[in-house]
Every structure is written in structure tokens, then in C-alpha cells.
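Chemist: Spelled out, the chains give:
Number of protein chains: 2
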Amino acid sequence: MFSDRLGATARAIQAHFDLILGKLDDLPVVHAMRHATNGGKRLRGFLVMEGARLHGVAPERAIWPATAIEALHAYSLVHDDLPCMDNDDMRRGQPTVHRKWDEATAVLAGDALQTLAFELVTCPEASPEPWVRADLALRLAQASGAQGMVLGQALDIAAETAERPLSLDDIARLQQGKTGALIEWAATAGAVLGQSDPAPLQRYARALGLAFQIADDLLDVTGDSAMVGKAVGKDAHAGKATFVSLLGLEAAQHRAAGLVEEACDSLAGYGAEAETLKEAARFVVTRAH
Amino acid sequence: MFSDRLGATARAIQAHFDLILGKLDDLPVVHAMRHATNGGKRLRGFLVMEGARLHGVAPERAIWPATAIEALHAYSLVHDDLPCMDNDDMRRGQPTVHRKWDEATAVLAGDALQTLAFELVTCPEASPEPWVRADLALRLAQASGAQGMVLGQALDIAAETAERPLSLDDIARLQQGKTGALIEWAATAGAVLGQSDPAPLQRYARALGLAFQIADDLLDVTGDSAMVGKAVGKDAHAGKATFVSLLGLEAAQHRAAGLVEEACDSLAGYGAEAETLKEAARFVVTRAH
Chain A
466 MFSDRLGATA
476 RAIQAHFDLI
486 LGKLDDLPVV
496 HAMRHATNGG
506 KRLRGFLVME
516 GARLHGVAPE
526 RAIWPATAIE
536 ALHAYSLVHD
546 DLPCMDNDDM
556 RRGQPTVHRK
566 WDEATAVLAG
576 DALQTLAFEL
586 VTCPEASPEP
596 WVRADLALRL
606 AQASGAQGMV
616 LGQALDIAAE
626 TAERPLSLDD
636 IARLQQGKTG
646 ALIEWAATAG
656 AVLGQSDPAP
666 LQRYARALGL
676 AFQIADDLLD
686 VTGDSAMVGK
696 AVGKDAHAGK
706 ATFVSLLGLE
716 AAQHRAAGLV
726 EEACDSLAGY
736 GAEAETLKEA
746 ARFVVTRAH
Chain B
466 MFSDRLGATA
476 RAIQAHFDLI
486 LGKLDDLPVV
496 HAMRHATNGG
506 KRLRGFLVME
516 GARLHGVAPE
526 RAIWPATAIE
536 ALHAYSLVHD
546 DLPCMDNDDM
556 RRGQPTVHRK
566 WDEATAVLAG
576 DALQTLAFEL
586 VTCPEASPEP
596 WVRADLALRL
606 AQASGAQGMV
616 LGQALDIAAE
626 TAERPLSLDD
636 IARLQQGKTG
646 ALIEWAATAG
656 AVLGQSDPAP
666 LQRYARALGL
676 AFQIADDLLD
686 VTGDSAMVGK
696 AVGKDAHAGK
706 ATFVSLLGLE
716 AAQHRAAGLV
726 EEACDSLAGY
736 GAEAETLKEA
746 ARFVVTRAH
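The listed protein sequences derive, respectively, from chains A and B. Its first residue numbered 466, the first sequence is counted upward by one per residue in my numbering. Its first residue numbered 466, the second sequence is counted upward by one per residue in my numbering.
Source of the hints: derived by calculation from the structure; they are not laboratory data. Some clues are possibly wrong.
Copies of one chain are not kept apart here, so a pair can be met inside one copy or by any two copies together.
Each computed DSSO-like pair below joins lysine-lysine, with the alpha-carbon atoms no more than 30 Å apart [as the list claims (entries may be wrong)]:
1) K699 <-> K565
2) K705 <-> K565
3) K743 <-> K488
4) K743 <-> K565
5) K699 <-> K488
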């Protein structure tokens, strides 16, 4: 059920990217945007579509913000992979943009993907309600800028030269910016589209976001690069403090499981309809085993 | 009159940046955002403020999109200056962000400045009308993404390895993306804020944008780096086709002057109130002499 829907959403988002990017000029930067938005689990887009479904929003509307958050996520990966950042050669089992093209193309493609995300949430097709479009864009900006995702990345870089190792609270703040804020945007977008209270989905997203990051840290220790689609063991190699290094493997797994339970509990008000989102929360943690 | 207003607007935008960036964390990426948004003529912000004044929009509203377009412009400069792009050491008489900090900080600061631009146009302070906020954001995305500014930059990069030199039409399309689209956004934002027809200001902006780029090409030939605040003579050195190389110095100056006249004519309906915008158009060209 969950994996069927995840797959169907991934295909719908891919088709939407094809439609939108197909209208652009035949230039390396556009090819790079296609490459960067190709593949991946589309978990963030899935959260948008499922949240929208819970609030009776048509998929033809929800596909716009769902594609937007995947464009935003793709931009962050393209720039993260740059030689001056994480210097990664592989992503989703494919060469990274700067390896397949060059750094200039990667900078520009990432820039244009960020812009595209804001275009997709503010175009009239996303919602007939102007305030919904303005609100989605404002929330997306807050989640991804210097008080959200970029803050998380900057804290991550600062941690490399910090005099004292990060505490659990530091890591939680870092991850809330780096991954959590966008997951929260994705999970609550459907409620915003449906003009309903986003609070239950926000609670779900906060627990899920933390579980997701712990799972990511676990993957770096227990995964293999073929399965993960990118290099592993980098955190331990770099001596980085992570949830796993601070809590230990078993306690980190336990913590992640507790967060999944918390995420599921916060959806109680939606009844059986929310089962797929609960499965998504379980999936996020089990992929790390 | 014009230079007084330009100066006053520059100070107001600086104060607004201080207010907004002052709320962010004390991190290198935030210092870099301050550095990148410091100085400059603020011509784009000025166009927003003047267009708003023509439509009776309060400066307290207009300052938000005026600061937004300067944030967007600053992001484009920070990324343009990167070693993989233009590799510039100086900007506005100061070291570029990647020279003062490092490349990772420049990538992130540029990213966060783009995000900030969308936050500033969609926050409720910019306009009480949600559709105005959504429309400003959508137009900004269209002007700055892969069909606007990034397209212009990509065409510029493609031109370096093109088999045939660019024609005047090619250069006009390139510049319409690279500089023109943002100038158009800036000049029409006031009409959007005032919920009026942006057509006259759009005509003004199209002529102004082209005049601006020709003036820029002229500056590269006739300016000195101390006055311009960045390296000059780069285009000729790189053998790049420009308005000046294709038209010749005198014809390019003549063309720019004709465009300024066209820009001024399109403001006829606004009467004496538009005098400052006309002076702005004249200024854009005379700075190149």
C-alpha cells in the first residue's frame, strides 16, 4: 500500500518535472536540472501528496507543491555535492552534476532549481487561493533559508572547526534546519492547501524529521554505498559527532523507533486514512537496517 | 533630485537589510550575506520605490520588494564571482565573498540571499493583498530562473564555446535574461503593489534594460577599474561579442541614447511625477562616459 503509493507519487512527480523542464531551452544547465531531479524516493513530495489527500485536496493541485519541494531538495543536493562543500562524485547511483558537467553548471542548475520551487508554489495551478500560494512560498522560504536549511548547513560547517564537539541539542538544532524544516514544510503543505490546521501534521513532521536524521546517521554506519547510492562511512571517518556516535548504535535505533511511534500517534485524529503516512514513518527508520 | 533620492533609497534599503540580517545567527554565512548586500547603487531597489510612489504605494510597503530585488541581485553577483564562474576578486571595491571567506560560504550565502528575496516579497508586510504577494513572487521566479536571469547566464557561458560569434539578436536575448528581466521586475513591482496596469513601466524597463547592458559593455571598454569597482577590459580580452564590438563605440553610444529617449517617452502618462525615473534612465547611460 505504502510502497505502491510512494512509487505512484514518484512517477507522477517525474512526469511533472518532464512537463515543466521540457519547456525550457536546450542548454547544459537545463539538462543538468533534469539530471538532478531524476530519481530518488521523492519522500518529501509524497508527504505533500498524502497530506493533501487527508484534506481532500485534488492531486492535480498538490502535484505543484510536491514537485516544488523535490526541486528545492534537488537544488540543495546539487550544491551540497560541490567540491567546495561535500565533494561527492556520486548521488542516487549517478555521477553528481559537477562531475557530469562542471562546477559552473552545477551552481547555475542548483540556483535555477531553487527558483523553480518558488515558481511552482506561486503559480495559479497550485491553488486558486492567492493567500494559500503566498503562504506556501513564505513558509518554503522560511524553511529553506538562513533560518532553516541553510542555517543547518552553516552549523554543520561550523561544527567541523568547533573547539568542543557537538552536544545532542546542537545536533538536533542542526538537523532541524538541515532536513527537518523541509520535511515539516512538505508534511504541512496539504493542510495549508486545504485551508486546515497544520498542527497535527507539524507534530508528525517534527518526530519524523528527527527519526529521518538518526536513520541517516545509522545508514552512514551500517549501510553499504551500493544500497545507499552515495558514499558511506564519511561521518565516522571525519570524526563527526552524530546521533550514533553520541548515543551509540542501539540507543540511536531505539530513539528512532520511539520517534516513529510519536509521529504515528500525532495522526490519531485522521483515523485509518493516515495509515500510509504512518507506514512512511516506519519506512524511514527501517531503511536503515 | 534624482541623486538625492537614489542616495536616500540606498540608505533605506541598507537599514532594512541591517534590520533583517541582524535577526539571524552569528555565523560566517550571515556575515557573508551582510558583506554581499553592502553598498552598490541600489538601482533596482530604487526602481521599485519610484514605481511604487507613482502608484501611491507607501514606502513602508515598497521597501520590502525593494530590498528583495537587491537580495536577489546580490545572490547573482556572489555566485557570478565564484572561481568556477567569472572568478572575480573584487566587487564594489571590496573583496568578493569567496575571497574574503571561502567558496562554500559564497555558495551558501548566495543560496540564502535568493531565498531571502522570496521571503521578503511574500511576507504580509510587503502587501496586505495576498494575490499581490503571490504575483510578485511568481514574477520574481520567472524573471530570475531558467527562463530569465539563469537563462541569460547559461547563454553567456554557451557563447564562450559557440562555433559562430553571437549576433545582435543573440546578445539582446542574452541580456534580456541576464539583466533585463530583473530590471523589468523592479520597474513594474510598484504597479503590481498598487494593483495598476504595469504596461507603461514594462516598456520603460525594456528600453532601460537594454540601455543598461550597452552602457555596461561601454564601461568595460572606456571605464577604469577604480571607478567601476571591479575589473574592466575583460570582455575584449576574452574576445567576447558585445554591443560595442558589434556596433562600434559610437553607434553603441548612439543606440543607448535612443533607448533612453524611448524609456522616457513611455512614462509620458505619469506626467512630472515620473521625472526621477527619466533621470534614472539618463544616469544609466551617462555613467558610462
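Chemist: Each of the hints needs a verdict: does it hold here or not?
Modeler: Okay, the hints, checked on the actual structure:
no. : hint          : in the structure
1   : K699 <-> K565 : both (22 Å within a copy, 28 Å between copies)
2   : K705 <-> K565 : both (29 Å within a copy, 26 Å between copies)
3   : K743 <-> K488 : neither (37 Å within a copy, 37 Å between copies)
4   : K743 <-> K565 : neither (37 Å within a copy, 47 Å between copies)
5   : K699 <-> K488 : neither (38 Å within a copy, 33 Å between copies)
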